Structures are given as structure tokens and as C-alpha cells.
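Visitor: Each residue of the sequence shown is one higher than the last, beginning at 1 in the UniProt record's numbering.
None of these hints come from the bench; they were simulated from the model.
One or more of the hints may lead you astray.
Simulated crosslink set (EDC-like; lysine to aspartate or glutamate; CA at most 20 Å straight-line) [claimed, not checked]: (1) 256 to 231; (2) 2 to 34; (3) 2 to 45; (4) 226 to 206; (5) 105 to 45; (6) 80 to 15; (7) 256 to 129; (8) 105 to 216; (9) 126 to 15; (10) 225 to 215; (11) 294 to 123; (12) 254 to 123; (13) 80 to 112; (14) 80 to 34; (15) 105 to 15; (16) 2 to 59; (17) 80 to 283; (18) 226 to 247.
In this text, all values refer to a predicted model and were calculated from it rather than measured experimentally.
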Amino acid sequence: MKRARLIYNPSSGREEMRRLLPDVLHRLDRGGIETSCFATSGEGDATREAAHAVARGYDIIIAAGGDGTLNEVVNGMAGKDNLPPLGLFPLGTTNDFARAMGIPKKWEEYCDLVIQNHTRPIDVGKANDRYFINIAGGGSLTELTYEVPSRLKTMIGQLAYYMKGIEKVASLSPTELVIKAEGRAQLHGEFMLFLIANSNSIGGFERLAPGARIDDGMLDVIAVKKCNLGEFLRLLTLALRGEHFSDPHVVYFKTKRMEVTSPGRVQLNLDGELGGELPGLFEILPSNLRIFCKEIGM
1 MKRARLIYNP
11 SSGREEMRRL
21 LPDVLHRLDR
31 GGIETSCFAT
41 SGEGDATREA
51 AHAVARGYDI
61 IIAAGGDGTL
71 NEVVNGMAGK
81 DNLPPLGLFP
91 LGTTNDFARA
101 MGIPKKWEEY
111 CDLVIQNHTR
121 PIDVGKANDR
131 YFINIAGGGS
141 LTELTYEVPS
151 RLKTMIGQLA
161 YYMKGIEKVA
171 SLSPTELVIK
181 AEGRAQLHGE
191 FMLFLIANSN
201 SIGGFERLAP
211 GARIDDGMLD
221 VIAVKKCNLG
231 EFLRLLTLAL
241 RGEHFSDPHV
251 VYFKTKRMEV
261 TSPGRVQLNL
271 DGELGGELPG
281 LFEILPSNLR
291 IFCKEIGM
């Protein structure tokens with residue numbers, strides 16, 4: 001019988017995993033997977049427990065929660081050798097990565113994917129000494145995901161992000177950045193934000209980086225040059241339709257490695273969580289993890 005370690009955030013998704021846990025454990029056990037659980041209670045808990053699970057030789061690690069919980073689990077696993085496959089029950093507000101991977105919303109269906117051992121290799125991004133699985137970025141607008149109180153997200157879901165976003169857009173200001181990417185000329189100027197995508201689903205936008213692939217060994221980079229509020233709002237409407245690459249304020253390219261610096265203080269967003277500050281060295285770790293999911297064309 002295989003051994004799995006399920007690491008879950010008890011407050012995610014209106015505390016849904018608390019209610020589902022007995023049924024999930026029963027279904028996995030019937031499928032030949034003996035599963036023990038760990039409930040997080042604070043920042044860093046999921047990272048420490050995932051690293052502990054790898055060291056103890058678990059056959060499977062499963063994260064249950066939002067993008068932040070997933071990011072912590074990935075940080076406890078990535079970069080190590082002989083890693084077990086990773087599962088994910090998406091219970092957060094946006095669930096960007098789960099959407100990109102086509103992970104089923106029905107827990108029964110996902111349990112069966114794990115039991116049947118349907119996995120695929122995926123790339124992992126590295127930002128300085130931390131890891132991200134879906135998105136990295138910097139700039140004032142990227143701060144809203146980790147500034148929204150977790151209790152508010154539990155209560156009203158994605159509306160909490162919209163409320164914070166309206167507040168942020170009204171006070172947007174550019175930041176001086178120097179971007180050095182492998183295979184490209186250096187960029188130096190004022191930017192509203194930069195995003196580094198590992199998949200095509202970012203902040204609920206599925207057309208923001210339509211060319212991003214989770215297994216192509218590349219990072220997709222989008223940087224928005226200095227613009228006024230009206231121009232920025234126009235860009236947002238274009239992004240909803242996937243037409244923003246034609247706008248002169250948008251810089252887009254693919255790379256395996258890049259460095260971003262700034263004379264000012266710029267915080268980093270990694271999978272929706274605070275990820276330190278610039279300077280940042282970003283690189284891709286090809287096929288570093290395997291994840292349970294259906295076969296989809298990405």
C-alpha cells in the first residue's frame with residue numbers, strides 16, 4: 001500500500017476540507033493509498049511539512065488549499081532529488097494553477113486520478129532562493145493578492161480581490177527597473193509591473209500569457225511600461241480578450257533565466273504570496289515535479 005501525506009489549509013475554501021476529509025481519506029484508502037494528514041496553522045507550516053514528508057519517503061504528497069498553500073508545499077519539495085508526485089485539491093479563491101492544469105473540481109474525480117497514478121512532469125520557477133509554480137511578479141498591482149486578509153477571502157471569495165484591485169489601480173505608480181534576460185538586450189526604464197508566467201492562468205486571466213506552457217522549459221515574461229490610468233485600464237480590457245500584446249506599452253518575451261533590479265524597494269509576488277524583494281534572479285527548473293492531473297494539451 002502506498003503512503004500519502006495530505007497537507008491542508010483548514011481555512012481555505014470556506015473550510016471545505018474540514019468537511020470533506022473523512023470522505024477523501026476513505027476513498028484514497030479503498031484505492032490502496034494510506035493517507036495521513038497535517039493541518040497548517042501558520043506561515044511556513046506547509047513548507048516544513050512537505051520537506052519532512054519528502055525526507056520520510058512518502059510515496060505521494062497532496063496539497064489542499066489555495067495557490068498560497070500550493071506554493072508553500074512546492075517550496076518544501078522543489079530542487080530535491082527523487083521527489084514523489086504532487087496532488088492538489090484546489091480550495092482557494094482563484095486557483096490559477098489548478099485551472100491551468102485542468103484539475104477536476106469534484107474531489108471524487110480527483111481522488112480517482114491519484115489512485116490511477118495519472119501524472120505528468122511540470123517545470124518549476126525559481127526566484128532567488130525560493131520557488132514558484134505558476135507566477136512571479138513585481139509592481140504595486142501585484143501586491144494586492146497578499147494584502148487581502150485571509151478571513152475576507154474566506155468570507156467573500158474573489159470579490160475581495162476586486163475590492164482591493166479598485167483601490168490599487170487608483171494609486172498605481174511606475175517603478176524604475178533594469179531587466180537582463182538570457183538572449184535579449186537589456187531593458188531599463190519605468191514599468192508599472194512585470195510578470196513571469198509558468199502557465200497561461202494568472203489572477204483569473206486565462207489570456208494574459210496564452211503562450212505559456214507548464215512543460216516547455218521557458219518562462220514567459222510580460223512587462224508593462226509606464227502609462228497613465230486611462231491607458232492602463234484600456235490595457236486591462238485588452239488583456240481580457242488576449243489582445244494586449246499589440247499595445248506599445250507591453251513587452252513580451254520568453255527566457256530561461258533573467259535578472260531584475262531596481263534602485264527602489266520592489267516587493268515580489270510568488271504564486272500570490274509575498275516572496276521577498278528585488279533584486280531577483282529568476283530561472284526555470286525543467287520537469288522538476290510530477291503532478292496528478294488529466295492529460296491536457298498544453
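Visitor: For which of the previously enumerated hints does the structure constitute a violation, in increasing order of number?
Guide: 1, 3, 4, 5, 6, 8, 9, 10, 13, 14
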